[in-house]
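Modelling step: build the complete structure from the supplied sequences, incorporating the hints.
Residue numbers (this note's numbering), protein chains in the order written: chain Z, 634 to 933; chain G, 2 to 330.
Be careful, since some hints might not be right.
What the hints assert, rightly or not - Using C-beta positions, here's what the derived DEER-type ranges look like:
1) Z/756 with G/22: 40 to 48 angstroms
2) G/26 with Z/649: 50 to 58 angstroms
3) G/22 with Z/794: 48 to 56 angstroms
4) Z/658 with G/13: 44 to 52 angstroms
5) G/187 with Z/726: 29 to 37 angstroms
6) Z/799 with G/187: 20 to 28 angstroms
7) G/26 with Z/754: 56 to 64 angstroms
8) Z/745 with G/120: 28 to 36 angstroms
9) G/190 with Z/704: 52 to 60 angstroms
Claimed, not checked - Computed footprint of chain G on chain Z, listed as stretches where at least three residues anywhere in the stretch have a Cβ under 8 angstroms from a Cβ of chain G:
10) 704-710
11) 717-723
12) 736-745
13) 884-894
These aren't lab readings, by the way, just hints derived from the structure by calculation. Beta carbons are placed, not taken as given, at the ideal position from N, Cα and C, and that holds for glycine.
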Amino acid sequence: MSAVVATGLGKRYGRVWALRDCSLEIPEGRVAALVGPNGAGKTTLLHLATGLLEPSAGSISVLGRRPDRDPSVLPLIGFMAQEVPLYRTFTAGDMLEFGRRMNPRWDEGFARKRLERVGIRPNDRVGHLSGGQRSQVALTLALAKRPSVLLLDEPLASLDPLARREFLKALMEGVAEDGATVVLSSHLISDLERVCDYLILLSASRTQVAGEVEQLLETHRVISGPRKDGAVPAGVAAVIEQSSSERQTTMLVRTEGPILDPAWSVQKVGLEELVLGYLGQPNATALPGPRLAPIRMEVS
Amino acid sequence: MTWLAWRQHRMQLLFGAAFLALMLAFLLPTGLGIASTYRSSGLASCLSTAGRDCGELSDSFIGRYSRMQFLIPLFLVLPAIVGMFWGAPLVARETEHGTHRLAWTQSVTRSKWLNVKLLALVAATLAGIGSVAWVLSWWSRPLVAASDDRFNPGIFDIRGVVPVAYALFALALGVAAGTLIRRTVPAMAATFTGFGGVRLAVALLLRPHYAAPRSTSFALFGRGVGTGQGDWILSTKTVDAAGRFVTSGEGLDLNYVSRHCPGVNPSPGSFPSKDALTACVRKLGLHVQATYQPGSRYWRFQFIETGIFVALAAGLLLLAAWWVRRRVS
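Structure, rendered in structure tokens:
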């Protein structure tokens, strides 16, 4: 089963579509980066996945259940909203009590230990904590719920580089145990590059790229060679982006086989470069092809 | 969930409880004083004897406690306070700070979240306003008996069962306004004005018509409509023998008198003698026509008005619940 499946998903406010015709699939057990420019619909997508919003078109399911219709999936979804909302008049201990009272799968021992490890005392008022500490409390709440799918909306945006590293470390430790699926949204890929093994690129509310990070890196290359209009070497499936100087052309390409043409120099591509390449060319896509349903042989 | 409701609203509930304690600490001793004066002054026994004129006793009794009148506006706005400080922030404070995205993404559905909180606040409102209204009804019983005004606007509204219905309505209005407006302070303002508007509209436009008013007429300078039964007089006008309008209320216009009874005024600017005036009134057949709701309808009116406000409250709560489930994110 896939952790998250969206089919023709759309959300409209009045006449404006915040998200339109979005289809994607996130396999279970992945740490997925949901990347896209501001306003691409990342937050809307995550709110639809948590059941905070109802789709205006299409559907979204989490672990095969529709969060807006079927509240039995709520205990399985951990969510950290973009503004890291917490009750400011509560103490950190109150916030844990809140988590314990509101969630049947709550892991109290884990939650207490985690707060202690990041140096937050139960008597500390949430309103007096730093941004990094608040994020840690929010992450603890989301993790101690023991979710199967953890959705984090721009969790790093408000953190300084050191706090980012600590947050990601805590996140990866937290999910390592039960192998929960994680979806992290960000408008910057560089933050997520080290932890993510799946990439979804959302631009103008459409899914532009979806796939395993490793495979994406394997099938994309930056090639440069002589400037000849329109000519590409064998092995190139699609040109994503190209720039030309007087004599030379440099292209980001998706490959379908090895590029052996000696006229072209071939280089591996970084994830950030790949993302920026696609963002610059909204019409280019890299999506998983239609999959065959697995055939089960039954022996009688 | 109950823990959360208590943890988040305990300050509001404690303030409410403190206010209630303060009120009771004031009303209980003063109420005992009023009740004992009512008996010892002889007013109680006078009023319970039919046909006796207790005017002087009543006047001195009411005069003695006239400074307690400040309580009337206080208890008139009390339901609005409940709506503003308990109702309006319920959802608005969450949406204002984005914490609804925390509360509603736990394992408890938002419908249950709302229901538990509403149940707690409705129960607190019933208990708090119910006991204030009950104590105040007891406290003011001698005063109301002395002035024969329990049906009058302003007094009707703070005694009996209607205050509880007003408070439920104000609470529901606050919750609905907070849910739709999504910000606490504007929602509080909307609750206050909305509550005032609906209360005034119902009291002025609807209440006089819960039952067809009765009419009566009596001689000018006669005994008056007040039959000592706590009637609510809706209108009085003075008319002549043919039923033509002379003046509103119970009285005489001196210009009218000198026009229709020439010579009643010896000289311009002087006051006619009582006998001449009485003769003039008799000659013209001047009398007073009044419409009123008889005092026996008091509880019927109380329950009709309670029903209206409870129904409004229920409608507003349903709207808020639907909005929370479908519209807020």
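Broken hints, by number: Hints 1, 6, 7, 9 and 13 contradicted; others consistent.
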